[in-house]
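Participant: Quick note, the sequences are listed as chains D and E, same order.
Just so you know, we're using the working numbering here: the first sequence kicks off at 416 and counts up by one.
Just so you know, we're using the working numbering here: the second sequence kicks off at 416 and counts up by one.
Mixed in with the good hints there might be a few duds.
Intra- or inter-copy, both count: the list cannot distinguish identical chains.
To be verified - Here are the simulated SDA-like cross-link-like pairs (lysine to any residue), alpha carbons at most 25 Å apart as the crow flies:
no., residue 1, residue 2
1, Lys-551, Thr-519
2, Lys-551, Ser-655
3, Lys-563, Asp-625
4, Lys-462, Lys-563
5, Lys-466, Tyr-505
6, Lys-551, Gln-436
7, Lys-443, Pro-573
8, Lys-551, Asp-518
In short, the hints are calculated from the structure, not lab data.
Keep in mind it's a predicted model, so treat the numbers as computed, not measured.
Protein chains: 2
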Amino acid sequence: MTRVIDAAEHAARFKQEIREQLAQLNEKLVLVGVLAAERGPSATYAKYAQKACEEVGATFQIRRATRLDAESVIRAANTDPGVHGIMVYYPVFGTERDVYLRDTVEPTKDIEGLHSFWARCLYENRRYLDAPQEVKAILPCTPLAIMKLVEAAGAFAPRGRPLEGRTAVVFNRSEVVGRPLASMLAHDGATVYSFDIDGPLLLTPSTDPDGAHSVIETSVDRAGALARADIVITGVPSPSFELVRAEEIRAGAVCINFSTYRNFDADVQEKAGAFVPRVGPMTVTMALRNALRLFQNTRSGATPARFVP
Amino acid sequence: MTRVIDAAEHAARFKQEIREQLAQLNEKLVLVGVLAAERGPSATYAKYAQKACEEVGATFQIRRATRLDAESVIRAANTDPGVHGIMVYYPVFGTERDVYLRDTVEPTKDIEGLHSFWARCLYENRRYLDAPQEVKAILPCTPLAIMKLVEAAGAFAPRGRPLEGRTAVVFNRSEVVGRPLASMLAHDGATVYSFDIDGPLLLTPSTDPDGAHSVIETSVDRAGALARADIVITGVPSPSFELVRAEEIRAGAVCINFSTYRNFDADVQEKAGAFVPRVGPMTVTMALRNALRLFQNTRSGATPARFVP
Numbered sequence: 416m417t418r419v420i421d422a423a424e425h426a427a428r429f430k431q432e433i434r435e436q437l438a439q440l441n442e443k444l445v446l447v448g449v450l451a452a453e454r455g456p457s458a459t460y461a462k463y464a465q466k467a468c469e470e471v472g473a474t475f476q477i478r479r480a481t482r483l484d485a486e487s488v489i490r491a492a493n494t495d496p497g498v499h500g501i502m503v504y505y506p507v508f509g510t511e512r513d514v515y516l517r518d519t520v521e522p523t524k525d526i527e528g529l530h531s532f533w534a535r536c537l538y539e540n541r542r543y544l545d546a547p548q549e550v551k552a553i554l555p556c557t558p559l560a561i562m563k564l565v566e567a568a569g570a571f572a573p574r575g576r577p578l579e580g581r582t583a584v585v586f587n588r589s590e591v592v593g594r595p596l597a598s599m600l601a602h603d604g605a606t607v608y609s610f611d612i613d614g615p616l617l618l619t620p621s622t623d624p625d626g627a628h629s630v631i632e633t634s635v636d637r638a639g640a641l642a643r644a645d646i647v648i649t650g651v652p653s654p655s656f657e658l659v660r661a662e663e664i665r666a667g668a669v670c671i672n673f674s675t676y677r678n679f680d681a682d683v684q685e686k687a688g689a690f691v692p693r694v695g696p697m698t699v700t701m702a703l704r705n706a707l708r709l710f711q712n713t714r715s716g717a718t719p720a721r722f723v724p
Numbered sequence: 416m417t418r419v420i421d422a423a424e425h426a427a428r429f430k431q432e433i434r435e436q437l438a439q440l441n442e443k444l445v446l447v448g449v450l451a452a453e454r455g456p457s458a459t460y461a462k463y464a465q466k467a468c469e470e471v472g473a474t475f476q477i478r479r480a481t482r483l484d485a486e487s488v489i490r491a492a493n494t495d496p497g498v499h500g501i502m503v504y505y506p507v508f509g510t511e512r513d514v515y516l517r518d519t520v521e522p523t524k525d526i527e528g529l530h531s532f533w534a535r536c537l538y539e540n541r542r543y544l545d546a547p548q549e550v551k552a553i554l555p556c557t558p559l560a561i562m563k564l565v566e567a568a569g570a571f572a573p574r575g576r577p578l579e580g581r582t583a584v585v586f587n588r589s590e591v592v593g594r595p596l597a598s599m600l601a602h603d604g605a606t607v608y609s610f611d612i613d614g615p616l617l618l619t620p621s622t623d624p625d626g627a628h629s630v631i632e633t634s635v636d637r638a639g640a641l642a643r644a645d646i647v648i649t650g651v652p653s654p655s656f657e658l659v660r661a662e663e664i665r666a667g668a669v670c671i672n673f674s675t676y677r678n679f680d681a682d683v684q685e686k687a688g689a690f691v692p693r694v695g696p697m698t699v700t701m702a703l704r705n706a707l708r709l710f711q712n713t714r715s716g717a718t719p720a721r722f723v724p
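The shape of chain D in the complex, shown without the other chains (with noise of 0.2 Å):
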């Protein structure tokens, strides 16, 4: 009864879209994926963001770094006229270093949305960069991603906010997925149970569509957060999390899991009413997305090449 969503299959829809808007313009897209994490699988999502660029029609080359000169090939990509998008794989040190080094990437080629200049814009809820609201700030891609599978699963109300009177719960709290997304939720009209190892805490949608969410600390434990959600969003990198099994969650809730590990009970496929297994191909998908936003942002002239010093 459930409906499994393919990221793949939804992204392929969004692909068409970009390549035709990408095929209006007069210049090829050159994106820079900088390879220089030491760990993890980043190679493969590199070479993933090159078949998704091949798809759409723009150039993507990756470049590869040590740990140590990252920056600078980060900081070369900034003021080239040639490169119209960044996407820097990590970890690249592993330590609170890559969050210095996140923000080297200059904002108007940030196509993964992760500098603080958009995490400002985000938790503030500044949706535009101008006034006459013509300037769309860029989202992070991940939790882009993840609220286009939202929406993709049928849990957008079709008018007002349009996550308004929702409860989502998120299970990881980082700051370049779980945090954000929980804001994003939020500042949609959802009411957001936020978990991570340091606590639980809960998101209450400003009452002003344009205002920011309001957070405190909350008492109520999973087992209570999953009794109300229509929801349920896991990202929590580890196998030792505890699944979430079918019997914790509400008949017909929103399933997504966007941590490479497994963090839902195979028998919740049979309780929820739509299930999306992983996020991956829309990420990326969005990242090119916003590629294309930045890219007429800075060529209409309404945000400057570099804008923060």
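Once you have looked at the hints, place chain E on chain D.
Facilitator: Same frame as chain D, but now just chain E:
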């Protein structure tokens, strides 16, 4: 034979200078300490800061916050014209989110010098904010405190770059102390071996005194580095660190410990030229020195009240 340097005694001289300069201002300096840390000895540090402020004639207001409202407390202090400097006691979240929080402090009020704006100045060896070289950049207070203690230990050359030809070893490469410190040592002319759990790095000063140092991976191990070092600085926050022993260091080496743990074996005090068992009192003092400089920069119109978006 080893000279033991008391950071508190040395700090007293700096405080005297700061007190005299503060007395000449037509306004009393008001500093805010945001105390949201849920772990660690932050409340004690805040009391030290309060005492140091009293000594120099500045006001120190402790503002207690939960981890969730620390950001709004910081933002309120950012825009409050009656607040001249801000100090945040970490950990607040104890996660990567603290890095985000660190960058919400307005750089012109960041008396700890931890904002990524200041970090970028430091790593690029930009010592001034203006072309006429009148407005000095702010340095992070703990590394700055250590540099002053290196100077107090007699390790500075009388002319040229103060550490020209010297070799230093730093155990700790955190983004807030060890990495900026290693950079500052190298920018002052030293060859620096930087050790941390993710391997040793070698920093070599630029031949151009205004240039940034270079960094490479190195196969030189602890023994090799210590055998060459004129200056040994430790900041390993762990009781399991293998203590630096007398037999490992050069006779006459300057040894400085900034960890709250003891990182040197007691026998070092018989072989070192100078030994600094703790840095803390100088750190607070350097934060006050930064506060004075930031105040002067803003009041003179040399820097705007806010200069980072």
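Participant: Which constraints among the numbered hints does this structure fail? Numbers only, ascending.
Facilitator: As far as the earlier hints go, 2 and 7 are violated by this structure, in ascending order.
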